[in-house]
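Going down the list, the sequences are from chains A and B.
Each residue of the first sequence is one higher than the last, beginning at 0 in numbering that gives the first Met the number 0.
Each residue of the second sequence is one higher than the last, beginning at 0 in numbering that gives the first Met the number 0.
Just so you know, not all the hints are guaranteed correct.
[To be verified] Simulated pairs of lysine-lysine, DSS-like, Cα-Cα distance not exceeding 30 Å:
1) A:K214 with A:K64
2) B:K126 with A:K203
3) A:K236 with A:K207
4) A:K203 with A:K64
5) A:K255 with A:K130
6) A:K168 with A:K130
7) A:K168 with A:K203
8) B:K126 with A:K207
9) A:K64 with A:K130
10) A:K130 with A:K203
11) A:K214 with A:K274
12) B:K126 with A:K130
13) A:K168 with A:K207
14) A:K214 with B:K75
15) A:K64 with B:K126
16) B:K190 with A:K130
17) A:K214 with A:K203
18) A:K205 with B:K126
19) B:K75 with B:K12
20) A:K203 with A:K255
21) A:K236 with A:K130
If you're looking for bench data, these hints aren't it; they were derived computationally from the structure.
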Amino acid sequence: MKRTFLFLVVVAALGYGHVYSLANVSRAHSDLPVPLDQGYVLPGNMLRVFAVEYRGIVADLCFLKGLVAYGRTLEGVSSDRSIELEWQRVYNLLDVATDLDPYFFDPYYFANSALARNPSMVPIINDLLVKGMDARDWDWMIPFYLGFNYFYYLNDDYSAVQYLMVGAKRPGALSLLATLASRLAYRGHRTENAILFLRGIIVKTKDKQTLELYKTRLEALEQILYLERAVAYFRQKHEREPMDLNELILLGVIPKLPDDPYGGEFFLAEDGLIKSTSDLTYKKGKY
Amino acid sequence: MKSLVPLMVITFKEGIRNRAIFGIFLLALSLFAANFLICGMIMQEVGKVAVDVALSAVSFSGLLLVLFVGINLLAKDLDRRTIYMVLARPISRAQYIWGKFLGMALLIIVSVSFLGGGALLSIASVKWAYPSYFSRFAWGGILWALALIALMLILLSALSFLFASFASSSFVTLILTVISYFIGHGVAAIKVLVEAPQTVGIEVSATTVRLVETAYYLFPNLSVFDIKIQAAHNLPLSLMYMFWIVVYGIIYSGLAVTVAGFIFSRREFP
């Protein structure tokens with residue numbers, strides 16, 4: 000009896016010591032200086048050899064590592080240089096995952112929905128998407144993403160049309176793709192087209208968090224479209240440009256300015272376009 | 000042939016009785032269970048990941064079976080000198096090797112069938128939980144992948160018999176088999192790389208190219224047996240490919256065991 004009691008006391012003490020020391024060592028570990036080259040990921044060619052016959056599952060693990068690395072970028076606790084490296088690391092992991100298994104859709108989907116929050120990455124995201132478009136020759140979603148990126152982020156309507164047309168020819172493509180391609184070919188209606196694009200993407204998005212992201216962007220674009228139409232009405236009625244958006248309220252065109260879901264404020268830019276102080280992205284670190 | 004069957008059956012029974020097999024099956028079971036957990040973190044292609052994990056679990060467990068159970072089946076007789084008792088009977092040494100190999104092949108086929116059943120159950124349960132994330136999915140490719148895993152393991156086992164026929168200990172056989180496994184899976188990719196080094200911006204000497212080409216023809220090309228990615232994405236597989244891969248697997252295994260029998264016949268035991 001006494002021995003059992005003693006045994007339980009020792010186990011309880013050691014168990015408590017284990018939990019306590021684990022908490023301390025984890026905290027101390029997170030304070031360790033991290034070298035700047037931590038973003039290095041083995042190139043796909045090399046990893047292909049090391050992965051032997053487990054290319055598929057190694058690709059899955061690279062993708063999951065990418066998700067974790069992305070979580071770190073969202074924490075936004077590092078310096079600017081580190082944040083850039085973290086973004087690059089996420090991209091490298093997705094790139095390697097698709098080198099190992101170019102048919103794997105999730106890395107393309109994730110790169111397009113999450114990494115595009117950092118607009119400076121869009122050109123390399125497009126490189127990744129082209130790899131996916133070539134491998135998944137049955138899939139219309141990837142050319143659709145490419146079309147959106149060229150249209151929305153890079154203002155390159157010509158390339159957008161080319162990719163939309165590729166997507167439109169693939170099995171099961173939404174009829175929207177052909178419509179968008181023809182509308183873009185005529186230019187104009189940028190905001191309306193962007194809204195159409197996003198509605199098309201939302202139809203095929205199942206992941207809750209990504210859906211939220213797209214819905215926020217859609218909401219912001221709908222507010223911009225609302226203001227653009229109000230400005231157009233003002234021009235028609237008063238035969239001049241409004242001085243700013245507040246004049247629309249003063250002259251009774253709109254009751255009040257809509258809220259920017261990204262937390263900024265809408266304003267009328269010098270080029271006559273409706274813009275927001277948020278630039279339609281979350282504040283730094285939040286993306 | 001008459002003398003082969005009892006040896007094959009004894010080898011199979013001996014393999015089944017090996018305790019390591021329980022550990023290997025336990026590992027596979029935990030990987031099948033982990034499949035559910037991993038798939039929960041995937042956004043779109045849950046079906047692909049479920050197939051990846053399940054087939055990799057079968058393949059990895061099978062590899063452990065060949066390395067830690069298969070090699071011991073032959074090496075134990077040599078290490079413990081029980082081979083003298085067997086060789087005193089009216090069977091040739093080559094027949095002994097063939098009997099052992101066929102027993103091991105049977106063990107692999109039965110084990111992969113069991114593990115494959117577990118893999119199919121694991122995939123079916125993930126499919127039941129996430130039915131809408133299995134857009135490009137078919138069972139046919141998965142069954143083919145399982146069959147090729149079994150064939151690849153049989154080939155690797157044949158190679159381990161070849162090494163065991165001249166190696167001084169089971170450890171040396173294990174090391175040589177592991178090296179061959181890595182070379183077998185990487186040599187085709189390395190051959191492509193050294194034959195067109197300009198694509199990745201490296202320089203390769205003519206000697207290296209010759210060395211890699213020799214390795215390409217000497218070692219089995221195990222990467223051709225790997226159709227897990229095709230199975231996971233339900234990509235088309237030609238019947239001609241499947242035919243030739245089966246022919247290749249059988250011929251290489253036969254060659255390795257025949258050479259093993261030849262070397263073993265000339266080996267002197269202390």
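Which of the numbered hints above does this structure break?
-> Numbers 3, 5, 14, 20, 21 - these are the hints that the structure violates, sorted from lowest upward.
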